[in-house]
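*Asks:* The sequence shown begins at 1 in this note's numbering and counts up one residue at a time.
Keep in mind the hints are simulated off the structure, nothing from the lab. Predicted model, so just to flag it, every value in this text is computed and none were measured. Every residue gets a Cβ at the ideal spot worked out from N, C-alpha and C, and that includes glycine. Incorrect hints may appear among the rest.
Stated by the list, open to error - Pair by pair, the computed Cβ-Cβ distance ranges are:
| # | residue 1 | residue 2 | range |
| --- | --- | --- | --- |
| 1 | Pro330 | Gly68 | 37 to 43 Å |
| 2 | Asn44 | Asn177 | 34 to 40 Å |
| 3 | Asn177 | Lys110 | 32 to 38 Å |
| 4 | Gln427 | Asp62 | 24 to 30 Å |
Unchecked claim - Straight line, CA to CA, 25 Å or less: simulated PhoX-like cross-link-like pairs of lysine-lysine:
| # | residue 1 | residue 2 |
| --- | --- | --- |
| 5 | Lys265 | Lys208 |
| 6 | Lys18 | Lys142 |
| 7 | Lys150 | Lys65 |
| 8 | Lys142 | Lys208 |
| 9 | Lys322 | Lys142 |
| 10 | Lys142 | Lys19 |
| 11 | Lys450 | Lys436 |
| 12 | Lys19 | Lys436 |
| 13 | Lys279 | Lys329 |
| 14 | Lys150 | Lys180 |
| 15 | Lys180 | Lys110 |
| 16 | Lys280 | Lys208 |
| 17 | Lys110 | Lys142 |
| 18 | Lys208 | Lys150 |
| 19 | Lys18 | Lys436 |
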Amino acid sequence: MRPILIVEDEEVIRSSLKKLLSREGYDVSEARNIQDATNQFQLNDFALIISDLRLPGAPGTDLIKMAGEVPVLIMTSYASLRSAVDTMRMGAVDYIPKPFDHTEMLNAVKRILDAQGRQPNRNFDSPTHASRGMIGQSSAMKEVFNIIHKVASTDATVLILGETGTGKELAARAIHNESKRQNGPLICVNCAAIPETLIEAELFGHEKGAFTGASESRQGLVTAANGGTLFLDEIGELPLEAQARLLRVLQEGEVRPIGSVKSHKVDVRLVAATHRNLKKLCQDGHFREDLFYRINVVNLDLPPLREREKDVLEIADFLLNKFCDKFDKPQLQLAPDAIQAITTYSWPGNIRQLENSLQRAVILCDSNHDIGHQLLGINLALVDIEEQHDEQDETVKPLKSNRSGDLDEGLSLEDYFTHFVLEHQDQMSETELARKLGISRKCLWERRQKLGIPRRKVEQT
């Protein structure tokens, strides 16, 4: 098993993490700080470095440059969107909040080490891809960027698949902007937004008098896209008659407007998108099978936001800045409870829902600094989280203070919480404890009550 280095100044966390990884068969070394790590080890001998963000002396992010090609996973107990995003921008392979869940940590380590075995694509190392207008550095999005890069230089038809709100139009724009047609027009059409009686005329044009209301000839959107790219969103909503006309465009490269006896040539690249199952639509007789095979040349599957790991933080940071500028607000940040809500909510509406949620929060926020989770309009997510924690808590027994450092082999998230509070409450205020743990004071109080952790006694003067 490839070696891992843990750099963490708190012994309870360092020992717990070492035991967790060692039980999974990893060869684990440990250090208290960066100086200790560099004095004892050659950093490039490791397959992965896991480091706390805040260390005595130099911050953990200094290891990113020192480690060279070795990936660095940053742990942070400071629930700050800004610090998490900045950490990723500095080159950390990922970050994980403390106190961490054992399963989440093991999954992150496995994902990073598995990725090390694959050849990296240097064109897509940056988390933000401005040329595409897309944001993300998760493994799923790197695969998307890789496909875009490969297919953009061709004229192949692309079928973009994904749930509503995953950014299908952005992907289409990315393909167009990287193609040899980038100086030509990009015509975007939402097939579901145009009435069925008008869709053919809108797409293919019509002659004067071709139907009631056609008072003059009109060029269609397919012709308008000549020399460029035509993006048909929700192509599964296209009527069968329009599908037959589109098939001719793809096969013969020509368009015949409604009411005309003549066709004219067009040079158009088609990018289509849908959230529906086109194969099933074909079986039900609602989509032409020959058209399906014509457009199903290259598939581009856009992952839902819930499967994009820490991308949600990058996207939230970008959108927050965007709306603060738009509405002339001071530079707002998300409070810890809002970050918890954003990173644990499933986002059924994906990026579009996140965008609407943050826009709402910025508009309604009266503070000059923090946005709380109440303004996001996703309170149900926090209820679900608490219910899940409640179920887990029934099987967890609080760990009594153990200042000798002999930790229980099965140290869990709640064990760590209990141990950390008992270990530090004599030196820290409740506010400092909550901040260190990345939670609110109210949440700290509730956890104390649930786990039976007494507060220290205040001496009377």
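*Asks:* Next step is simple, just say for each hint if it's right about the structure.
*Replies:* Consistency of the hints with the structure:
no. : hint                         : verdict
1   : Pro330 to Gly68: 37 to 43 Å  : 39 Å, holds
2   : Asn44 to Asn177: 34 to 40 Å  : 37 Å, holds
3   : Asn177 to Lys110: 32 to 38 Å : 35 Å, holds
4   : Gln427 to Asp62: 24 to 30 Å  : 26 Å, holds
5   : Lys265 to Lys208             : 20 Å, holds
6   : Lys18 to Lys142              : 30 Å, violated
7   : Lys150 to Lys65              : 30 Å, violated
8   : Lys142 to Lys208             : 49 Å, violated
9   : Lys322 to Lys142             : 24 Å, holds
10  : Lys142 to Lys19              : 32 Å, violated
11  : Lys450 to Lys436             : 19 Å, holds
12  : Lys19 to Lys436              : 23 Å, holds
13  : Lys279 to Lys329             : 47 Å, violated
14  : Lys150 to Lys180             : 13 Å, holds
15  : Lys180 to Lys110             : 39 Å, violated
16  : Lys280 to Lys208             : 38 Å, violated
17  : Lys110 to Lys142             : 17 Å, holds
18  : Lys208 to Lys150             : 43 Å, violated
19  : Lys18 to Lys436              : 21 Å, holds
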